[in-house]
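Engineer: Two chains, two separate frames, one set of hints: put the complex together.
One line per chain: the protein sequences are A and B, in this order.
For the first sequence, this note's numbering gives the first residue as 1, with consecutive numbering after it.
For the second sequence, this note's numbering gives the first residue as 1001, with consecutive numbering after it.
Since the hints were made in silico from the structure, they are not lab data.
Watch out, some of these pointers could steer you wrong.
[What the hints assert, rightly or not] Only part of the chain B face toward chain A is listed, based on derived beta-carbon distances under 7 angstroms:
no., residue
1, T1098
2, P1106
3, S1183
4, L1193
5, V1223
Every residue, glycine too, gets a C-beta built ideally from N, C-alpha and C.
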Amino acid sequence: MNLFADTWAYLTDWSNWTGDGGLLQLLVEQLLLTFTALAIALVVGLPIALWLGHLGRGGFLAINISGAGRAIPTFAVLALLVLWEPVGYGEFGPFGRAGLATLIALALFALPPIVTNTYVGVDQVPRDIREAADGMGMRGSQKFSRVELPLASPLIVAGVRLALVQVWATATIAALVGGPGLGNVITAGFFNGDYPRGLAGAVVVAVVALMLELLSAWAQRAVQSRALPDTRGSKPRDTEGDTNEASTNPGSGTGGSAGDDRRVVRG
Amino acid sequence: MTLLGSAAAVSAFAGTAGAPSGPAADPKCYSAVVNEWMCKDYFVDRQDELIAATREHLAITIFAVLLGLVLAIPLALLARRSARVEGVVLAICTGIYTIPSLALFPLIVPFTGLSRTTVIIGIALYSLTILVRNTTEGLRGVPDDVIESATGLGYSRTRMLLRIELPLALPVIMAGLRIATVSAVALTTVGALVAYGGLGNLLYNGVTTDFRAQVLAAALICVAIAVLLDVLLLLLQKGLTPWTRGRAGRAA
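Looking at chain B on its own, in the form it has when it is part of the complex (with noise of 0.2 angstroms):
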């Protein structure tokens, strides 16, 4: 299936390199004359790029969405103090949210440099639009009833909300985690323009250097790191609020 393949691409590319080499005399399926999409030889050559690109794509969606989720928490509490606040910072968070990923990172870096800390912090603040929103509405979607429960039964403020409103909460809370980090997945990419997009920067490079199988091998693996991590926080939202799980059995 490979020589069939490289044989079909060098065909392909008969038209440009004058006579076609043939595929024997070059075995690997990405060279000057050879160009596919799927390349085992490029996985096992590039094997250490890939490896290294791929972890520093993962450590900076993880740290972005981190910090994201540390900022969005005391925002969201801020913002139901009262409506003019929640009005405030949902149209800050809209205004960043509209604001194309190519264009934030340039106004972070005369900030922080050519650095990963733009990136995570440009990241950091699109996870954050999403999470203070879905907290808010999490935190809005606690019945009435259950906190007068709570109130009657004594709970103080901080009680009330560590144990009530924030577990209550955590289904929609969690369900914009996993919107952010999905998101922040793809947009690590974007960090190519300074230099620090993990697999983004293999997008780059194989874009300028027409390496085919560098690119796909790039888009699959972002792929596959956002389905593995929104899999993952499903899990984790399973283990942490096992009442939803009863609660949809018997309304089905």
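The following block holds chain A by itself, in its conformation from the complex (with noise of 0.2 angstroms):
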């Protein structure tokens, strides 16, 4: 099909990478966009999400962040701040046109998983294991750092990493409301009927999001055989949010707890 000839001549022209909108220019800027916000979600989402889960206290909330966050459409919450004035769609410094808006909303996706991944972590750490520690004399900070946190450590950097795929698919949807980042090139060849350049810019964006999933896979990876060593050996399971989320889903019945509760219980 010429399509994908034409869509390979296009990733192939240098010209195209290079230069003011260029395509390497666009990839920068998104990464920037995503590890910014990634990091603001983590600033703000963590340290409340391990208070509540130290405390056993906000489950509702934990739980019902990551439903409110997949209801609610990406695309019309970047649409409503472009919108409104306080946020707009000015330059902002070096995330572009909408950048402000653009950040907001990927920090405010970014928090669903990292919350309600935190949150179970610390929150299901067996009861006997707590106990444990408090025999042992631990105060409440000892508990949390040396035995809450190191537990709950596999369950967060999944949460993390979940966060991170949300995040890469929010930033290239930008583009729709006139955002910054890959999804321009999308946008731009579907608009105006070059094909071959918004099935390119298609390309780029899956491509870096398989090497970011893989790369974060890994560094999970590594996270997990430090928190759990005796888990090594064992087929590293799939900690992807869904089912976990599924298993605290109060509804979602006995079937899928027993997995998470399994992992935790190993360590």
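Structural biologist: Set out below in structure tokens:
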């Protein structure tokens, strides 16, 4: 098919990568947006979720924030922010046009996986392990840093990984509201009938997404084997949020929780 | 309240629009100078457009999730045949899930063109991912002693699957279906890229024309659809698995 040949031609033409508005510039812009938003979400979400998990309170919030994050379309949030005057379309430093709106939307959509997984991770530390820590004379802060945090870390990292995927996707969608990032190549291609260009943009976005996923999976495995050394030999379990969240949902029955309990208890 | 609101909006616009024309000149809460978020006139005037977009949105969502479900169950059954097959299936699913929707739709366009089918297939792929994962997880959660009892009673493989395993896995499968459906409602908006985004078309149009009432209305209807479908599926699950409620009650 000709479209594929044209797409390949677009991708292999170096001039499409360099220069102002080139693929490389947009790629760097989107990576910058992604990691800045992820950092903001971690700074905001992690302490709150850890604290709530340590207290064992706020489970309602931690679980429902994920539901809300799924039900609210990222596109709609971006659209609302862009039309809302205090945020608006304006250039925002290195983040480009509508940079502030994009950054806010990205950070918002990174929060649910981070908060839910962190909360569940800390909250699911078995009671007998906590009691053992109490029995050893650990104070609240010691129990938190030496018992709860290490045992929760695999789930926390899984949440951060999910957030990364989510943020990269949202950063792509920003182009639909005239925002920054690689999505612009896709929208420019599609709305102007230049399909090879749109397809080329999609390929770059997809390839980078897969690379981020693989890198974070590798990082996750490293953290996991450090936190739970005895699981190193066993098959790495998929700790994506869906099954975790399904199992923490009170309505989901007993089937799903078996796997998660097993994973946490194993430590 | 409407009058106060529009007066505020006009004064907010006064800086750019020169002399404010006054709310009385234009009773509408949307116009060249008035751009309110909540606007009853908009709902009345654009009723047909809103209903058509909502209908298309629902159609795309429901077709996509059904397609995902139809494909997910056999895939999940295939996956549990061996750990290697399961690994491959789950890896492909995770890979698809990783690709942003705005990039996934273009990758399907060469095969199905700028059509509703493109959006449906794209969203079905995301639903598939969630459903395969939850179905395998649900089937794995069926207790071994139940399987042994059924084997002892002489259940065939098919009968075991239909009468024992799938019903017991249903709560987890339904939880996945709810997640997939709610996600699908949100994802459908991105279909605006190929002009089949249901309410997403209104969002896109609203952003390009700086039309607040339209953007907020489309966003609110999206969330309402998601919540409605979620509640319907929850009720369906409660109806299909009456034993889970009893068990939860006893446990508590």
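Engineer: Next, verify each hint and record whether it holds.
Structural biologist: Verification of the hints:
1. Hint status for T1098 (chain B): holds, given a least beta-carbon distance of 4 angstroms to chain A, under 7 angstroms.
2. A cut of 7 angstroms between beta carbons decides the hint on P1106 (chain B): the least distance to chain A is about 4 angstroms, and the hint holds.
3. At its closest, the beta carbon of S1183 (chain B) sits 5 angstroms from a beta carbon of chain A; the interface hint therefore holds under the 7 angstroms criterion.
4. The interface hint given for L1193 (chain B) is met, as the beta carbon of that residue sits about 6 angstroms from the closest beta carbon of chain A, less than 7 angstroms.
5. Hint status for V1223 (chain B) relative to chain A: holds, with the closest Cβ pair at about 6 angstroms, below 7 angstroms.
Violated hints are absent here; each numbered hint is respected by the structure.
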